[in-house]
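Q: Chain by chain, the residues:
Protein chains: 2
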Amino acid sequence: MKVAKFGGSSVANAEQLIKVGNIIKSDPKRKFIVVSAPGKRFAGDAKMTDMLIQLGEAFHNDDDYELYLSAVMARFSEIIEGLRVNDDIYAEIETGIKMALAAKGSMESKMDAIKATGEDSSAKILSAYLNSVGLSAYYINPQEAGIIVSDEPGNARILPESFDKIYSLHNEEGILVIPGFFGYTKDGKLATFSRGGSDITGSIIAAGVKAEMYENFTDVDSVYTVNPNIVSHPKEITTLTYKEMRELSYAGFSVFHDEALIPAFREKIPVCIKNTNNPDAPGTLIVAEKETSEKCVVGIASDTGFCSLYVSKFLMNREVGFGRKLLNIFEDEGISFEHAPSGIDDMSVIFRDKKFTPEKEKVVVDRIKEELKVDTVSIHRDLAVIMVVGEGLVNTIGVAQKATTAFSNANVNIEMINQGSSEVSMMFGIQAADLNDAIQSLYTSFFS
Amino acid sequence: MKVAKFGGSSVANAEQLIKVGNIIKSDPKRKFIVVSAPGKRFAGDAKMTDMLIQLGEAFHNDDDYELYLSAVMARFSEIIEGLRVNDDIYAEIETGIKMALAAKGSMESKMDAIKATGEDSSAKILSAYLNSVGLSAYYINPQEAGIIVSDEPGNARILPESFDKIYSLHNEEGILVIPGFFGYTKDGKLATFSRGGSDITGSIIAAGVKAEMYENFTDVDSVYTVNPNIVSHPKEITTLTYKEMRELSYAGFSVFHDEALIPAFREKIPVCIKNTNNPDAPGTLIVAEKETSEKCVVGIASDTGFCSLYVSKFLMNREVGFGRKLLNIFEDEGISFEHAPSGIDDMSVIFRDKKFTPEKEKVVVDRIKEELKVDTVSIHRDLAVIMVVGEGLVNTIGVAQKATTAFSNANVNIEMINQGSSEVSMMFGIQAADLNDAIQSLYTSFFS
Numbered sequence: 039m040k041v042a043k044f045g046g047s048s049v050a051n052a053e054q055l056i057k058v059g060n061i062i063k064s065d066p067k068r069k070f071i072v073v074s075a076p077g078k079r080f081a082g083d084a085k086m087t088d089m090l091i092q093l094g095e096a097f098h099n100d101d102d103y104e105l106y107l108s109a110v111m112a113r114f115s116e117i118i119e120g121l122r123v124n125d126d127i128y129a130e131i132e133t134g135i136k137m138a139l140a141a142k143g144s145m146e147s148k149m150d151a152i153k154a155t156g157e158d159s160s161a162k163i164l165s166a167y168l169n170s171v172g173l174s175a176y177y178i179n180p181q182e183a184g185i186i187v188s189d190e191p192g193n194a195r196i197l198p199e200s201f202d203k204i205y206s207l208h209n210e211e212g213i214l215v216i217p218g219f220f221g222y223t224k225d226g227k228l229a230t231f232s233r234g235g236s237d238i239t240g241s242i243i244a245a246g247v248k249a250e251m252y253e254n255f256t257d258v259d260s261v262y263t264v265n266p267n268i269v270s271h272p273k274e275i276t277t278l279t280y281k282e283m284r285e286l287s288y289a290g291f292s293v294f295h296d297e298a299l300i301p302a303f304r305e306k307i308p309v310c311i312k313n314t315n316n317p318d319a320p321g322t323l324i325v326a327e328k329e330t331s332e333k334c335v336v337g338i339a340s341d342t343g344f345c346s347l348y349v350s351k352f353l354m355n356r357e358v359g360f361g362r363k364l365l366n367i368f369e370d371e372g373i374s375f376e377h378a379p380s381g382i383d384d385m386s387v388i389f390r391d392k393k394f395t396p397e398k399e400k401v402v403v404d405r406i407k408e409e410l411k412v413d414t415v416s417i418h419r420d421l422a423v424i425m426v427v428g429e430g431l432v433n434t435i436g437v438a439q440k441a442t443t444a445f446s447n448a449n450v451n452i453e454m455i456n457q458g459s460s461e462v463s464m465m466f467g468i469q470a471a472d473l474n475d476a477i478q479s480l481y482t483s484f485f486s
Numbered sequence: 039m040k041v042a043k044f045g046g047s048s049v050a051n052a053e054q055l056i057k058v059g060n061i062i063k064s065d066p067k068r069k070f071i072v073v074s075a076p077g078k079r080f081a082g083d084a085k086m087t088d089m090l091i092q093l094g095e096a097f098h099n100d101d102d103y104e105l106y107l108s109a110v111m112a113r114f115s116e117i118i119e120g121l122r123v124n125d126d127i128y129a130e131i132e133t134g135i136k137m138a139l140a141a142k143g144s145m146e147s148k149m150d151a152i153k154a155t156g157e158d159s160s161a162k163i164l165s166a167y168l169n170s171v172g173l174s175a176y177y178i179n180p181q182e183a184g185i186i187v188s189d190e191p192g193n194a195r196i197l198p199e200s201f202d203k204i205y206s207l208h209n210e211e212g213i214l215v216i217p218g219f220f221g222y223t224k225d226g227k228l229a230t231f232s233r234g235g236s237d238i239t240g241s242i243i244a245a246g247v248k249a250e251m252y253e254n255f256t257d258v259d260s261v262y263t264v265n266p267n268i269v270s271h272p273k274e275i276t277t278l279t280y281k282e283m284r285e286l287s288y289a290g291f292s293v294f295h296d297e298a299l300i301p302a303f304r305e306k307i308p309v310c311i312k313n314t315n316n317p318d319a320p321g322t323l324i325v326a327e328k329e330t331s332e333k334c335v336v337g338i339a340s341d342t343g344f345c346s347l348y349v350s351k352f353l354m355n356r357e358v359g360f361g362r363k364l365l366n367i368f369e370d371e372g373i374s375f376e377h378a379p380s381g382i383d384d385m386s387v388i389f390r391d392k393k394f395t396p397e398k399e400k401v402v403v404d405r406i407k408e409e410l411k412v413d414t415v416s417i418h419r420d421l422a423v424i425m426v427v428g429e430g431l432v433n434t435i436g437v438a439q440k441a442t443t444a445f446s447n448a449n450v451n452i453e454m455i456n457q458g459s460s461e462v463s464m465m466f467g468i469q470a471a472d473l474n475d476a477i478q479s480l481y482t483s484f485f486s
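Residue numbers (the numbering used here), protein chains in the order written: chain F, 39 to 486; chain D, 39 to 486.
Treat each hint with caution, since some may be false.
Said to hold, decoys possible - Straight-line alpha carbon distances no greater than 25 angstroms define the calculated PhoX-like cross-link-like pairs of lysine-lysine that follow:
hint, chain 1, residue 1, chain 2, residue 2
1, D, Lys351, D, Lys363
2, D, Lys363, F, Lys411
3, D, Lys306, D, Lys203
4, D, Lys203, F, Lys363
5, F, Lys440, D, Lys363
6, D, Lys248, D, Lys63
Stated by the list, open to error - Here are the simulated distance ranges between beta carbons:
hint, chain 1, residue 1, chain 2, residue 2, range
7, F, Asp413, D, His208, 22 to 30 angstroms
8, F, Arg304, D, Lys407, 13 to 21 angstroms
9, D, Lys363, F, Ile91, 50 to 58 angstroms
10, D, Glu371, F, Ile91, 29 to 37 angstroms
11, F, Pro320, D, His271, 58 to 66 angstroms
The set of hints was computed from the structure by calculation and includes no laboratory data. All C-beta atoms, glycine included, are put in the ideal place defined by N, C-alpha and C.
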């Protein structure tokens, strides 16, 4: 039995939903269907979730919200008409939205309820459509499905007791269509996951019902070996391990938020990334373990927005506790560090710079000077991080050589290398300005 | 004005001391002379310091110490006769040793005083010899010279107030001959530096008198680019910076204990390593700064006896403070860590394994499991660390490539790379068993 999740572009309009119907019909194992809210139909189009946020804000601010409501309903109407399903559903959706707008409670909880109508309506429409083409499908509300979450509006976390409840669904007859993105607190209050949370719902359902596979339908054929915005038409990855996926996601692979997959990973459920627009393509399979091959590098990920702080102090390595004290200052200031490589008399701390405001920088630098009596401290922004990822890489002679040769060929200076801490990746730090050249050259070395 | 320090092999017998006399005579700037105790005259010979330790222990244990005393005096007698200096000095040395044996005080302090007679006697003999060949030389006791140290027998540290006192020596007439290895506490008690402490005395005197150079005479022509026990007849290093020296010394360069040079480094005094047996060779100059050249790698150092501890924990990188907590456990257990590279969900801690007993290992591993709830923790002993060292290395494209290619050519797997924390070095971790192959290959790549 499979759980299939369809993302925003897969439910953006009637045409896409018809494809979804065909996909579900083609494999009777697809028994649990999780859907997002309608996404963009074309570049520049609005996503339903954003439209609902605008609606909610207008209503809250006593602006003319009717205009926004009409736009929302027009999108749903277009879908309903295109699928030729019963018109009653239109009224049902409109009532749902109006109830969410009129509900009492905190602003955050209200916004959660308004946003959730996007996924909820998608699920109702798809369920009606599946029935219209002869499948036995049932809409099921997340509360009924057993998705119990923490009381953190906009950032809810699944509670462990959910999984037993969800497991009881596995005996249900027919196809269950579940809206993604939200659950209910123990007190019955709706709360959404973080943005992109339909992936989380799919993963939770897959873990709960102990599915044989969690299929994640998007608009790309597979996960690529490298960012297609940097290298055109890069090779596809056929199989990835969870660990490889984690490392790739860390540095900018944006097919989906890898942490969404954690519930599925924990139950060792294989995850398949597939394309709604090309369902016959094999997609990318993400598994707990795979046999290692000689060509061990599976992908190269990269991300910008890193910052490094360098300190040097004569005889640092004789000072027990220096590293701990330095990291303590970062912790105190709420900055999560990524890496902290150290030499004899020097140490660097690498972190993402988005939270590192100039004010924060001053506090951190002053504290380091004051408390650690260092000789020098300097900050270096605009770093890019590149991860070369693959199981077995740590035991394969010559991978470091191949990678460093690629940087040399691209005439790119390597500011930082971190290998050996992770068993499946090798990390390089370079100037952000050199990123495209470096990635092109690495791709050529490892994949062509 | 220069400070010249002569090590044990340079004062091992009359023949060597005659060379020392010629070296001093050949450059009138050599005004401050620091000497070690007589070292080995041939492979398998005893060093005077070890003979004195045996003497002290025999005396302490009420064994027949006379035998040991005779052996000590026979060595001095041979030197005195060979140099044809006044016989009175023999009686003076014997009295000095007997007084040290008979003194009151703690066992440790007594042993310090007994050991110190080795250097003290060397200085007296050399001073007499220099006078006999027509130079105006004076023996000066460390107390008189102003070397005031902490009250830590066998491991004394120089006190900051010493330097002003020592500075007043710079106006003295003639050549001052100072025994290395010991100083006096504020209470006038003799205390020795750690073993090899004559280098420390030389460095302190150089810093104190603000010498234009500190010459360190040994029995090798220079510092070599790589360990001569691994690569035969390696190239010599002509100029090194302090930073480069620090990094090389860290990983096994044993020409001398680099921390001995700290007082000289602090005053930016150039240090020259020279050979008593070949004083015309230029030696190796160690300076504060040098111009960087294209061939930026100056040396390759290596050392064994490292250990790594690896931990992995799913979602580690979301846990603020994880790294700090891990290092805290090391600190609590008194283990100074060398490096702590980290990945997304994993972190390694590299440290020297000599203090890491099986009992300590158990405590550390148990605490990590208990307090950090990690998924896995493993220990990996028998690691070797290789440092590729050179100023400018961090900004030179292709150094990493050259190094990693050398490892590949030697068919050696790189377990760990740490680059970018230090500005002057690149660190590699490999299996200790692969060390010689790797060093040979690196030497070929960078120096031939």
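Q: None of the hints should be skipped; say for each whether it holds.
A: Comparing the hints with the structure gives:
For the hint pairing Lys351(D) with Lys363(D), the CA-to-CA distance comes to about 13 angstroms; that is within 25 angstroms, so the pair holds. Pair hint Lys363(D) plus Lys411(F) holds up; C-alpha atoms about 22 angstroms apart against a cutoff of 25 angstroms. Between Lys306(D) and Lys203(D) the CA atoms are separated by roughly 19 angstroms; this keeps the pair inside 25 angstroms, and the hint holds. Pair hint Lys203(D) plus Lys363(F) does not hold up; C-alpha atoms about 37 angstroms apart against a cutoff of 25 angstroms.
Between the alpha carbons of Lys440(F) and Lys363(D) the distance comes to roughly 35 angstroms, so the proposed pair goes past 25 angstroms and is violated. For the hint pairing Lys248(D) with Lys63(D), the CA-to-CA distance comes to about 21 angstroms; that is within 25 angstroms, so the pair holds. Our hint of 22 to 30 angstroms for Asp413(F) and His208(D) holds, since their Cβ atoms are close to 28 angstroms apart. Taking 13 to 21 angstroms as the suggested C-beta distance range, the pair Arg304(F) and Lys407(D) conforms, at roughly 20 angstroms.
Between Lys363(D) and Ile91(F), the C-beta spacing of about 39 angstroms breaks the proposed range 50 to 58 angstroms. Between Glu371(D) and Ile91(F), the C-beta spacing of about 52 angstroms breaks the proposed range 29 to 37 angstroms. Look at Pro320(F) against His271(D): about 59 angstroms separates their beta carbons, and that is inside 58 to 66 angstroms.
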